[in-house]
Amino acid sequence: MKYTLKILLLLAMAWSCTDEPVETVYFDLDAENGIFIACEGNFMYGNGSLSFYHPETKKVTNQLFYARNNAPLGDVVQSLAVKDNLLFIVVNNSGKIVVADVRTVEFRGVISGLTSPRYIHFVSEEKAYVSDLYASHITIFNPETLEITGTIDLAGHTSEQMRQIGKYVFVSHWLNGEHILVIDTDTDELVDSVKVPAQPKDMEVDKNGKLWALCGGSYQNIDVDESPSALVRIDPETQTIEQIYRFNEGMFSSSLEMSAAGDTLFFLNNGIYKMAVDSRHLPDSAFVPEKEKLFYRVAVDPAKREIYVADAIDYTQDAVVYRYSQNGILKDSFKVGINPSDIIFP
Amino acid sequence: MFGLFLLISGMAGSQNFPDTVQIKEIRVLAKRKVEEAGLKITRPDSLQRASSLTTDLSELISEYSPVFIKSYGRGSAATASFRGTAATHTQVLWNGMNLNSPMRGIADLSLLPVFFTDEVYLLHGGSSMTKGSGALGGSIHLENTPDWSSAFNIEGLAETGSFHSRKGFLKLQLGGRQFQSSTRIFYDSSRNDFPFYNSGVIPHKTDTLENAAYRKTGVLQEFYIRHLNDQVSGLRLWFQQSDRDLPQLMSYQGSQREEFQKDEQFRVQYDWKKYSDALNVHFFSGLNTAKLDYYRATPAFQFVNEDSRSAETGWMNHLRIFRKFDEKTYATFSLDANYHQVKTTDNETGMGYKKDRLETSLLLNLHFKPTDRFAAFILMRSENYDKQVVPLIPSAGVEWQVLRTLPVVLRSNLARNYHKPTLNDLYWLPGGNPDLLPEDGYTADVSFAGDFVIGKTVFSPEITGFISKVENWITWQPAANGAYYWEAANVKDVLSRGLEYQFTAAHNWKKIRFRSGGNYALTATSNMNAVRSADESRGKQLVYIPKHKGGFYASASWKKFTLKYDLNGVGKRFTKSSNRESDFEQVLNPYWLSKLSLDKQIQLEVFSVNLKLLVDNLFDQNYQSILWRPAPGRFYTFSVALKYRKP
Numbered sequence: 000m001k002y003t004l005k006i007l008l009l010l011a012m013a014w015s016c017t018d019e020p021v022e023t024v025y026f027d028l029d030a031e032n033g034i035f036i037a038c039e040g041n042f043m044y045g046n047g048s049l050s051f052y053h054p055e056t057k058k059v060t061n062q063l064f065y066a067r068n069n070a071p072l073g074d075v076v077q078s079l080a081v082k083d084n085l086l087f088i089v090v091n092n093s094g095k096i097v098v099a100d101v102r103t104v105e106f107r108g109v110i111s112g113l114t115s116p117r118y119i120h121f122v123s124e125e126k127a128y129v130s131d132l133y134a135s136h137i138t139i140f141n142p143e144t145l146e147i148t149g150t151i152d153l154a155g156h157t158s159e160q161m162r163q164i165g166k167y168v169f170v171s172h173w174l175n176g177e178h179i180l181v182i183d184t185d186t187d188e189l190v191d192s193v194k195v196p197a198q199p200k201d202m203e204v205d206k207n208g209k210l211w212a213l214c215g216g217s218y219q220n221i222d223v224d225e226s227p228s229a230l231v232r233i234d235p236e237t238q239t240i241e242q243i244y245r246f247n248e249g250m251f252s253s254s255l256e257m258s259a260a261g262d263t264l265f266f267l268n269n270g271i272y273k274m275a276v277d278s279r280h281l282p283d284s285a286f287v288p289e290k291e292k293l294f295y296r297v298a299v300d301p302a303k304r305e306i307y308v309a310d311a312i313d314y315t316q317d318a319v320v321y322r323y324s325q326n327g328i329l330k331d332s333f334k335v336g337i338n339p340s341d342i343i344f345p
Numbered sequence: 000m001f002g003l004f005l006l007i008s009g010m011a012g013s014q015n016f017p018d019t020v021q022i023k024e025i026r027v028l029a030k031r032k033v034e035e036a037g038l039k040i041t042r043p044d045s046l047q048r049a050s051s052l053t054t055d056l057s058e059l060i061s062e063y064s065p066v067f068i069k070s071y072g073r074g075s076a077a078t079a080s081f082r083g084t085a086a087t088h089t090q091v092l093w094n095g096m097n098l099n100s101p102m103r104g105i106a107d108l109s110l111l112p113v114f115f116t117d118e119v120y121l122l123h124g125g126s127s128m129t130k131g132s133g134a135l136g137g138s139i140h141l142e143n144t145p146d147w148s149s150a151f152n153i154e155g156l157a158e159t160g161s162f163h164s165r166k167g168f169l170k171l172q173l174g175g176r177q178f179q180s181s182t183r184i185f186y187d188s189s190r191n192d193f194p195f196y197n198s199g200v201i202p203h204k205t206d207t208l209e210n211a212a213y214r215k216t217g218v219l220q221e222f223y224i225r226h227l228n229d230q231v232s233g234l235r236l237w238f239q240q241s242d243r244d245l246p247q248l249m250s251y252q253g254s255q256r257e258e259f260q261k262d263e264q265f266r267v268q269y270d271w272k273k274y275s276d277a278l279n280v281h282f283f284s285g286l287n288t289a290k291l292d293y294y295r296a297t298p299a300f301q302f303v304n305e306d307s308r309s310a311e312t313g314w315m316n317h318l319r320i321f322r323k324f325d326e327k328t329y330a331t332f333s334l335d336a337n338y339h340q341v342k343t344t345d346n347e348t349g350m351g352y353k354k355d356r357l358e359t360s361l362l363l364n365l366h367f368k369p370t371d372r373f374a375a376f377i378l379m380r381s382e383n384y385d386k387q388v389v390p391l392i393p394s395a396g397v398e399w400q401v402l403r404t405l406p407v408v409l410r411s412n413l414a415r416n417y418h419k420p421t422l423n424d425l426y427w428l429p430g431g432n433p434d435l436l437p438e439d440g441y442t443a444d445v446s447f448a449g450d451f452v453i454g455k456t457v458f459s460p461e462i463t464g465f466i467s468k469v470e471n472w473i474t475w476q477p478a479a480n481g482a483y484y485w486e487a488a489n490v491k492d493v494l495s496r497g498l499e500y501q502f503t504a505a506h507n508w509k510k511i512r513f514r515s516g517g518n519y520a521l522t523a524t525s526n527m528n529a530v531r532s533a534d535e536s537r538g539k540q541l542v543y544i545p546k547h548k549g550g551f552y553a554s555a556s557w558k559k560f561t562l563k564y565d566l567n568g569v570g571k572r573f574t575k576s577s578n579r580e581s582d583f584e585q586v587l588n589p590y591w592l593s594k595l596s597l598d599k600q601i602q603l604e605v606f607s608v609n610l611k612l613l614v615d616n617l618f619d620q621n622y623q624s625i626l627w628r629p630a631p632g633r634f635y636t637f638s639v640a641l642k643y644r645k646p
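First to last, the sequence lines map onto chains A and B. Heads up: the first sequence runs through residues 0 to 345, numbered per numbering that gives the first Met the number 0. Heads up: the second sequence runs through residues 0 to 646, numbered per numbering that gives the first Met the number 0.
If you're looking for bench data, these hints aren't it; they were derived computationally from the structure. Incorrect hints may appear among the rest.
To be verified - Quick list of in silico lysine-lysine cross-link-like pairs, DSSO-like style, CA-CA up to 27 Å: (1) Lys334/A x Lys539/B; (2) Lys290/B x Lys342/B; (3) Lys599/B x Lys69/B; (4) Lys558/B x Lys455/B; (5) Lys290/A x Lys539/B; (6) Lys599/B x Lys455/B; (7) Lys82/A x Lys209/A; (8) Lys510/B x Lys642/B; (9) Lys334/A x Lys342/B.
Remember, predicted model here, so these are calculated numbers, not experimental data.
Please work from the sequences and hints to get the whole structure.
Here's what the structure looks like:
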């Protein structure tokens, strides 16, 4: 028995010595010519991460933030935004926005005390809005000082994506919502709203200055029946719906993107779909079929007009991002973190 | 690691062997009940039970069996994973009555106090088929039995510990040879505000866990009557409440959240047993109700995210007849009929459903014991649920003492099993999938168990190799139709194989009594059905299931002083299905936790007093059991137990 104890203790010591400190990695990213990818991670795992890909060198770097700062970003990395030389990383279920240098990814500060932040919209040098899934207000902060400066009451609505046309910011009320809210950036007040089909989420502005919103549709629960997804075009001047494109039942469309020229929409619907903004119908077939992949997010490079799409595989392992030419020819693929939720081109 | 344990058992074996061969005939199997022959059973002994008496079941199982417990921290939800299977594949039965939630499929072991049991045993793998279906990994059995030999017995136990933790236990037992009443009460609360090093934020800092307090109380009342000489009736009533705050992950820096879970259970069971030489009959009828309220809000934002309530009621009935035909042939027949009703609603999101389920089960188990050294059983089970008939599920086992002179038995078990989808899997809105197939399992194991007595040393090792396959494994994942909800699907085929090793040893030296025990599990469990193009999960270890898990304890008693040391180790757990990791992300590294206790018993005729001091996490290890959830460093517990017993 004595031997047993000794061997076990030795083993315990050997085993406990395996935690070696990790050395900091320093970066100098060519941020203007690369792309950042926010990887959600898994809800309540706290394993969200940040990746960087350079289209010229085809080099990908994962776990940027942890490598540079020796700390995790947090739980559910939702979206990214760049302002000047700062990268704003919205960490949804950690209730915070982590701010880092866009080239070195060095930690610069944190906007904390939020509850479920989703997206950032910069109104001016001193003013930015943060939408929130579980708050009936938008939080205003100063991107220079990182201080919270106020809130905009949304009269019971919650907020998701934001797009500015003129002095108005249009805000989608996604979760269990059916409105696009209109905020006057001069007064920081909710001034109007447009009723749309269920659960409007992503929004884009086209070359004609029209606002497009992808409404996810509603799912069956105790209170409501299922309704299909819909794409709507809104005239921001009159704040009325011009056209509704309804999807077939049973499928839910997501991830709306606009080409840099503002003439083509891209969205996911078991494959990447491409649609001209002046089309009268939804496209019949996928531009890039999903096949055995599991498309999670699509993005369009405004400069090169290339299309990036993330395959979440099984949602619990590192995802693959596929890069296609504007004609749908596969040019590259690379591994990033778990569940890429946002791909940005600074 | 495995080599080491083989070495230990090898060393012990080689020392013992020369002595054992001198004994002419050793009857090992003869001592076992015929119904248990061929079954892989783990039964914590009296020392193990005594040292876990004030804990919940998760600690007893985690420390003294090869089963892996996934726990969210002190007082928080804990579930058991046998042989690399999921928490829903472990069935928990209280005096034969299934306590798993029909909605969620799991039983939270942190809500089952060891103090409320008289016996606990585990059936591994296919052995669980003798008591019920659905335990693809294994089953946990909690038993209450009357003590007819005692007229009056009162026990009180008070415990105080670090982080404002208080526990109180009381047991009052009275009666005689015809009637017994037993009342048990427990109270367990903690502010659970332990300090920890927070490496989840910048800058890293020493933090205190917030919003993690818990309070649990319960009462168990039992009445037993002996009618005639061969019949016993029992009535058991168990009421319990639990109120737990749920803390955030280490990286949380948002507005203070209010998040809690309240559980309430009421169970009542009428039980009747009739014994005779050739026929035993056991019947029970019981009601199991459970309520669970979950609430999450951000008060500063005046926003309630979730406010869900669920209520479950199960009415369970069981009849078991054990018949002895002759000295060599026996049979068990059993019939179960259960009805469950569940209702769940979320006041905020409108998610939920209301459903019921009727399930019946029929069992025929034939036991054979042709010689004192060989026994076997063959079993057939037929089940019916939600108007679906499950084909006959067969199972068989043997137990054989190969050599007359060697106290080692070979035990083997082969079974098919299945696990029906939970009601949430089928009906949750949105995402429940009424077309789900039951999870289909095949499992086999082979054990060698020895019982060596050499002079003043007793050594009982057991080693088991197992293999199991679960097809149509149910997983929740984001909806395939692109919707922003999760849905249940039969997506995996999981192959699991490994080894379980356990031993206990006792040795007397002068006036000191040494006792020791240990366990180790090697579990390789992986998804074999990875279909997507870039999927790297095929053949990889399932997330959160350690390949290695082990425990060891040693105690020495002298003049009613007992010093006991416990060591428990958990190997690395992956959090990605591909098992990929980099230096720059958190993986759940292996950890060893040590525990040291000293207790002193003072006996004053019919009174006894027991004082105990316990140091947990002796070497102040910083570890994570669940990703980014802190665990306490070294902490202390002191308890006083008083006992009065009138024979």
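Against the structure, the hints come out as follows:
With a C-alpha separation of about 18 Å, the suggested pair Lys334/A and Lys539/B falls inside the 27 Å cut-off, and the hint holds. Between Lys290/B and Lys342/B the CA atoms are separated by roughly 10 Å; this keeps the pair inside 27 Å, and the hint holds. Our distance criterion of 27 Å between C-alpha atoms is broken by Lys599/B and Lys69/B, whose separation comes to about 32 Å. For the suggested pair Lys558/B and Lys455/B, the alpha carbons sit about 18 Å apart, so the restraint of at most 27 Å is met.
At most 27 Å may separate the alpha-carbon atoms for a hinted pair to count; Lys290/A and Lys539/B meet this at roughly 24 Å. Between Lys599/B and Lys455/B the alpha-carbon distance is near 24 Å, which keeps this suggested pair within the 27 Å criterion. For the hint linking Lys82/A to Lys209/A, the alpha-carbon distance of about 25 Å falls within 27 Å, and the restraint holds. Restraint check for Lys510/B and Lys642/B: satisfied, since their Cα atoms lie roughly 25 Å apart, inside the 27 Å limit.
Restraint check: the Cα-Cα separation between Lys334/A and Lys342/B comes to about 43 Å, which exceeds 27 Å; the hinted pair is violated.
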